[in-house]
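Note that the first sequence ends on residue 197 in the working numbering; no numbers are left out.
I should point out that these hints are in silico values taken from the structure, not numbers from a laboratory. Predicted model only: the values in this text are computed from it and were never measured. Mixed in with the good hints, there may be bad ones.
As the list claims (entries may be wrong) - Here are the in silico distance ranges between beta carbons for each label pair:
1. A6 <-> K192: 20 to 26 Å
2. G169 <-> Y83: 37 to 43 Å
3. K125 <-> P55: 31 to 37 Å
4. R11 <-> Y83: 27 to 33 Å
Even glycine gets a Cβ: it sits at the ideal position worked out from N, Cα and C.
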Amino acid sequence: MNKRARKLPRSFYDRPTGLVARDLLGKYIVYNSPKGRLTGRIVEVEAYIGHDDPACHAARGETERNRVMFGLPGFSYIYFIYGMYFCLNFVTEKKGFGAAVLLRAAEPCEGLEIMYENSPGIKKDGQLLNGPGKFCRAFGLTRQHNGLDLTGSVLYLENRFEKTPRIGRSRRIGIRVGQDKLWRYFDVDSKVITKR
DNA sequence: GTAGTGATTTTCT
DNA sequence: GAAAATCACTACA
2 MNKRARKLPR SFYDRPTGLV ARDLLGKYIV YNSPKGRLTG RIVEVEAYIG HDDPACHAAR
62 GETERNRVMF GLPGFSYIYF IYGMYFCLNF VTEKKGFGAA VLLRAAEPCE GLEIMYENSP
122 GIKKDGQLLN GPGKFCRAFG LTRQHNGLDL TGSVLYLENR FEKTPRIGRS RRIGIRVGQD
182 KLWRYFDVDS KVITKR
């Protein structure tokens, strides 16, 4: 493992959600799955910010499903969508404030064999993690992984101190409300960004 | 190459 | 009962 790699501390997540989203680009997600170690370089995220954001699950108050978004920052929020897919988020900001960053795409780094095994039909590396639903499928993440502590040893993010990528921003994808916000951030030079 | 639509189930109204 | 932070497949240009 890279000696310079450092796990992101809870203070990283305990900041304004837009800043956290932008800073996540170029960082690495690490998941020590039952089958082996999986890692990917984050290249696309979206911010979902509580009461200001009609597209955010937390906008209409706390419910059973979005409970962890209102908890401490630095936890995982995984929800089930469209009857077949899961999406992974990182909870941000203080306890009581419902906000999170959705992980949309990453470049696969370690554990490629496991990702292919989890993703029937995928043939190219660039197609493994280029979408929130596909990312969770390749990593084998399900509702069981909702509410994990990202400062623990199972699922966490790493800073490998690479050069900050060129960052682009746009409207968010796949939502029907709140489209006026430019809260999607991505690495302009990456080839695995969600298609428009 | 783009556009349209079906799959499938949880969650909230 | 309708909508949902998606994806893959089909049709057509």
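For each hint, the structure was consulted:
no., hint, verdict
1, A6 <-> K192: 20 to 26 Å, "23 Å, holds"
2, G169 <-> Y83: 37 to 43 Å, "26 Å, violated"
3, K125 <-> P55: 31 to 37 Å, "36 Å, holds"
4, R11 <-> Y83: 27 to 33 Å, "31 Å, holds"
Against the hints set out earlier in the document, a violation occurs for number 2 only.
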